[in-house]
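Enquirer: Sequence:
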Amino acid sequence: MSKVKTNRTLIELNKRITSCTKCPRLINYIHDIAENKVRRFQNETYYGRPLTGFGDINARLLIVGLAPAAHGGNRTGRMFTGDSSGDWLAKVMNKHGFSSIPTSQNKDDGMMLYDAFITAAIRCAPPQNKPAREEIDNCFGFIQDELKILRNVKLILCLGKIAYDTTCRLLDVKPEKFGHDKLFSYGRYKVLTSYHPSKQNTQTGRLSWEDWSNVFARAKKTIRNT
1207 MSKVKTNRTL IELNKRITSC TKCPRLINYI HDIAENKVRR FQNETYYGRP
1257 LTGFGDINAR LLIVGLAPAA HGGNRTGRMF TGDSSGDWLA KVMNKHGFSS
1307 IPTSQNKDDG MMLYDAFITA AIRCAPPQNK PAREEIDNCF GFIQDELKIL
1357 RNVKLILCLG KIAYDTTCRL LDVKPEKFGH DKLFSYGRYK VLTSYHPSKQ
1407 NTQTGRLSWE DWSNVFARAK KTIRNT
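For the sequence shown, counting from 1, position 205 maps to 1411 in this note's numbering; every step adds exactly one.
Hints were generated in silico from the structure; no laboratory data involved.
From the three backbone atoms N, C-alpha and C, an ideal C-beta is built for every residue, glycine too.
Relax, there's no trap hidden among the hints.
Here are the simulated DSS-like cross-link-like pairs (lysine-lysine), alpha carbons at most 27 Å apart as the crow flies:
#	residue 1	residue 2
1	Lys1336	Lys1383
2	Lys1367	Lys1336
3	Lys1383	Lys1396
4	Lys1297	Lys1388
5	Lys1380	Lys1367
6	Lys1405	Lys1388
7	Lys1367	Lys1396
8	Lys1354	Lys1426
9	Lys1396	Lys1301
10	Lys1354	Lys1388
11	Lys1297	Lys1360
12	Lys1301	Lys1426
13	Lys1388	Lys1426
14	Lys1367	Lys1427
15	Lys1313	Lys1426
16	Lys1405	Lys1383
17	Lys1211	Lys1221
18	Lys1228	Lys1367
19	Lys1313	Lys1228
20	Lys1388	Lys1427
21	Lys1211	Lys1354
22	Lys1383	Lys1367
23	Lys1405	Lys1313
Here are the simulated distance ranges between beta carbons:
#	residue 1	residue 2	range
24	Lys1388	Gly1347	25 to 33 Å
25	Gly1411	Thr1212	35 to 43 Å
26	Pro1333	Gln1409	15 to 23 Å
27	Phe1247	Asn1358	31 to 39 Å
28	Gln1406	His1237	19 to 27 Å
29	Asp1387	Asp1321	16 to 24 Å
30	Gly1316	Asp1387	24 to 32 Å
Construct the entire structure; sequences and hints are all you get.
Expert: This is the structure we're talking about:
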């Protein structure tokens, strides 16, 4: 597939994602969040729609998260942007050469991803970060299509158990026991797992900066050797 055709196919997929209304609970929730803003973002216009993935279409690294944050991606219109999880991800990706800048504040901040593409199992922010099984199923076709388009992917980095379970379903393999910094081989793909850089993990010490950085060092090494 030529680069022009790949771009066109991704654009068409992204249009389907942003116009999706399959999950009434999620659509109502993200619209409500966008209208009834928290005080610190009162002067901002929320995106309030399902989110696409973003990054390098020639990426060898595919990063899979859980879902947009209610006041992060749902506000800014880009995955892992405008919240603490996005800050942790941008900082570590910049450190290891996957990102042009060490922060992720808004979709117009000039961030470029190198050899990496970021997506998620769920495209709308779910209440309490807990999507229903049916909602996960409704979104599954989108990540399937992304992987078909991203033909150079060698390593899939899963941030959290739902991301890992979704990836195993994507590759048609049985999930193994989830844990931090585990590397699996499934056919042509390597799969690396990590705790999600949520406040629940970073502020409690479950995920330290050193352990987080080591995951990306391992990802870089795995890509180079695969």
